[in-house]
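*Asks:* Protein sequences, first through last, are from chains A and B. If you're matching positions, the first sequence starts at 21 in the numbering used here and goes up one per residue. If you're matching positions, the second sequence starts at 21 in the numbering used here and goes up one per residue.
Please note: incorrect hints may appear among the correct ones.
Which copy? The list can't say, so a pair holds if one copy fits it or any two copies do.
What the hints assert, rightly or not - Here are the computed lysine to any residue pairs in the SDA-like style, where the Cα-Cα straight-line distance is at most 20 Å:
id, residue 1, residue 2
1, K122, D111
2, K229, Q49
3, K282, Q249
4, K255, D204
5, K229, E144
6, K229, T272
7, K103, D115
8, K282, D115
9, K103, P118
10, K68, A125
11, K251, Q263
12, K122, Y143
13, K103, D248
14, K251, E237
15, K218, Y244
16, K106, N209
In short, the hints are calculated from the structure, not lab data.
Listed below, chain by chain, are the residues.
2 protein chains.
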Amino acid sequence: MQSNSRQVFFLSNGTAITAETLGMSLLAQFPDHSFQTQTIPFVDSAEKANAVTDDINRCIEESGQLPIVICTMGDEDLINIIKHSKALVIDPFGDILPRLEKALAAQHHQPFESHRTVNPSLYESRIDAIDYAMLHDDGGKMQNYDEADIILVGVSRSGKTPSCLYLALQFGIKAANYPITEEDMESENLPAIIRGFKGKLFGLTTNPKRLAHIREERRSNSRYASLDQCKYEVKAAEQMFEQFNVPYLNTTTMSIEEIATKVVELTGLHRVSKPAISHLDMK
Amino acid sequence: MQSNSRQVFFLSNGTAITAETLGMSLLAQFPDHSFQTQTIPFVDSAEKANAVTDDINRCIEESGQLPIVICTMGDEDLINIIKHSKALVIDPFGDILPRLEKALAAQHHQPFESHRTVNPSLYESRIDAIDYAMLHDDGGKMQNYDEADIILVGVSRSGKTPSCLYLALQFGIKAANYPITEEDMESENLPAIIRGFKGKLFGLTTNPKRLAHIREERRSNSRYASLDQCKYEVKAAEQMFEQFNVPYLNTTTMSIEEIATKVVELTGLHRVSKPAISHLDMK
Numbered sequence: 021m022q023s024n025s026r027q028v029f030f031l032s033n034g035t036a037i038t039a040e041t042l043g044m045s046l047l048a049q050f051p052d053h054s055f056q057t058q059t060i061p062f063v064d065s066a067e068k069a070n071a072v073t074d075d076i077n078r079c080i081e082e083s084g085q086l087p088i089v090i091c092t093m094g095d096e097d098l099i100n101i102i103k104h105s106k107a108l109v110i111d112p113f114g115d116i117l118p119r120l121e122k123a124l125a126a127q128h129h130q131p132f133e134s135h136r137t138v139n140p141s142l143y144e145s146r147i148d149a150i151d152y153a154m155l156h157d158d159g160g161k162m163q164n165y166d167e168a169d170i171i172l173v174g175v176s177r178s179g180k181t182p183s184c185l186y187l188a189l190q191f192g193i194k195a196a197n198y199p200i201t202e203e204d205m206e207s208e209n210l211p212a213i214i215r216g217f218k219g220k221l222f223g224l225t226t227n228p229k230r231l232a233h234i235r236e237e238r239r240s241n242s243r244y245a246s247l248d249q250c251k252y253e254v255k256a257a258e259q260m261f262e263q264f265n266v267p268y269l270n271t272t273t274m275s276i277e278e279i280a281t282k283v284v285e286l287t288g289l290h291r292v293s294k295p296a297i298s299h300l301d302m303k
Numbered sequence: 021m022q023s024n025s026r027q028v029f030f031l032s033n034g035t036a037i038t039a040e041t042l043g044m045s046l047l048a049q050f051p052d053h054s055f056q057t058q059t060i061p062f063v064d065s066a067e068k069a070n071a072v073t074d075d076i077n078r079c080i081e082e083s084g085q086l087p088i089v090i091c092t093m094g095d096e097d098l099i100n101i102i103k104h105s106k107a108l109v110i111d112p113f114g115d116i117l118p119r120l121e122k123a124l125a126a127q128h129h130q131p132f133e134s135h136r137t138v139n140p141s142l143y144e145s146r147i148d149a150i151d152y153a154m155l156h157d158d159g160g161k162m163q164n165y166d167e168a169d170i171i172l173v174g175v176s177r178s179g180k181t182p183s184c185l186y187l188a189l190q191f192g193i194k195a196a197n198y199p200i201t202e203e204d205m206e207s208e209n210l211p212a213i214i215r216g217f218k219g220k221l222f223g224l225t226t227n228p229k230r231l232a233h234i235r236e237e238r239r240s241n242s243r244y245a246s247l248d249q250c251k252y253e254v255k256a257a258e259q260m261f262e263q264f265n266v267p268y269l270n271t272t273t274m275s276i277e278e279i280a281t282k283v284v285e286l287t288g289l290h291r292v293s294k295p296a297i298s299h300l301d302m303k
């Protein structure tokens with residue numbers, strides 16, 4: 021452990037995905053600091069909460085520094101055990117739930133039911149979207165684009181595959197992708213396979229230098245990875261997008277999450293199942 | 021819109037994934053209430069913040085109810101605009117950042133840099149994990165299991181593919197999966213392809229009734245989807261796991277997130293890149 025690295029724990033009686041997501045966003049606000057993070061899911065009994073509290077306290081003795089604990093527990097008895105540690109315990113639920121209770125004129129429950137048991141059909145629509153993305157990756161074994169919500173197009177390594185998977189996993193969107201080939205670039209028309217689906221096409225493009233770097237790691241010293249080839253392909257793809265009015269996005273500086281969110285925003289696609297909680301109507 | 025459905029907005033100047041994740045966890049605490057949620061990412065200018073504020077206020081007039089706004093803004097000027105709406109505005113950053121500043125004896129910045137630009141190599145390890153999962157899905161085109169961090173095994177439709185993709189996308193873990201075939205079930209040994217990788221195997225199993233239901237939606241009235249067949253396969257797979265000491269998990273009531281998190285917990289796998297923020301040392 022680095023001496024000036026602050027220890028951070030993300031805790032929950034569930035998956036701890038909420039604690040981790042919120043926690044990482046908070047820590048990103050302190051870019052000059054170094055953090056050593058640890059996510060501890062399923063802290064769902066007094067025994068486990070006591071064991072974690074001991075770990076946290078031991079960590080104070082070892083490092084001489086106050087650890088930060090970000091804890092999204094639905095169970096008040098468990099959070100109270102953690103709060104007895106000597107760390108800085110941040111409990112966003114404890115801060116926010118009373119205000120929601122007041123606004124809704126209701127007490128909160130502690131359901132912690134699995135998403136899947138609560139609403140199998142919503143869950144399955146997300147699984148269907150994943151199946152769809154897997155079958156329609158990279159030009160796909162099948163070309164059942166009628167069912168696609170969106171078809172991402174772009175040159176090899178422009179970010180199509182991870183973006184499609186994220187759209188499916190997080191947003192339940194059926195996303196296919198089609199790689200633009202050199203043959204396509206030399207043609208005067210949109211590739212035949214996607215020509216009939218113009219309204220669903222969305223282009224991804226990237227900086228040729230960045231593309232060459234990514235390709236170089238896959239096929240070192242190849243024509244495929246050469247800067248000239250990348251420049252040629254990116255230019256040809258962008259010309260295609262312009263010529264046929266395909267909306268497109270330059271992904272050079274974007275993360276997968278940003279690409280997927282931007283695509284949803286720009287196309288007005290409907291997120292069908294991100295919440296995976298039955299009683300919520302998603303818009 | 022349902023008349024008794026409460027309007028909820030998740031806002032951010034970034035992707036709004038943090039606001040949405042935290043918000044959905046909070047709303048899940050009120051299972052008897054109905055919510056209509058809307059996620060608005062990239063609220064990154066005063067113009068956009070004013071437009072959103074107008075939308076929120078209009079929504080009060082239409083529904084006669086107080087909307088709930090959960091807003092993770094790094095920019096104080098923007099959050100102040102939103103706070104001028106008439107809604108209940110929840111600002112977790114505003115509540116928590118001052119406490120972190122005190123603990124770290126530092127002011128927070130507002131970086132909002134893309135993960136990708138901050139640390140390309142961490143980002144690429146996540147992309148590599150996705151590539152790996154795609155190539156090694158369903159027995160895979162390639163069988164380069166040397167590189168695998170984990171190999172999920174189970175009968176068809178036991179949840180292997182979405183779990184592998186989630187492990188790759190969220191945790192940067194290289195997860196392959198191998199479907200147990202009927203031929204494998206009749207053998208006295210572990211399938212030859214995975215036999216040499218016993219330490220990396222992890223089994224997924226599920227309730228035969230649930231499995232039959234899932235398969236029925238894919239291949240209606242088939243032997244594949246029959247309850248008898250599902251019972252036979254699940255029993256054979258579980259016997260295989262027991263016989264060869266392959267740790268396994270019953271996924272019947274679990275979401276993808278829960279399966280992936282449980283697998284990481286039970287195997288002690290190292291999450292390499294979920295944070296995607298350069299200065300964080302992940303444990």
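*Asks:* With reference to the structure, classify each hint as holding or not holding.
*Replies:* Right, here's what the structure says about each hint:
| no. | hint | in the structure |
| --- | --- | --- |
| 1 | K122 to D111 | both (18 Å within a copy, 16 Å between copies) |
| 2 | K229 to Q49 | neither (30 Å within a copy, 48 Å between copies) |
| 3 | K282 to Q249 | neither (28 Å within a copy, 44 Å between copies) |
| 4 | K255 to D204 | within (13 Å within a copy, 50 Å between copies) |
| 5 | K229 to E144 | between (40 Å within a copy, 16 Å between copies) |
| 6 | K229 to T272 | within (10 Å within a copy, 46 Å between copies) |
| 7 | K103 to D115 | both (14 Å within a copy, 18 Å between copies) |
| 8 | K282 to D115 | neither (31 Å within a copy, 28 Å between copies) |
| 9 | K103 to P118 | both (18 Å within a copy, 19 Å between copies) |
| 10 | K68 to A125 | neither (33 Å within a copy, 31 Å between copies) |
| 11 | K251 to Q263 | within (18 Å within a copy, 56 Å between copies) |
| 12 | K122 to Y143 | neither (31 Å within a copy, 42 Å between copies) |
| 13 | K103 to D248 | neither (59 Å within a copy, 51 Å between copies) |
| 14 | K251 to E237 | within (17 Å within a copy, 46 Å between copies) |
| 15 | K218 to Y244 | neither (28 Å within a copy, 37 Å between copies) |
| 16 | K106 to N209 | neither (67 Å within a copy, 52 Å between copies) |
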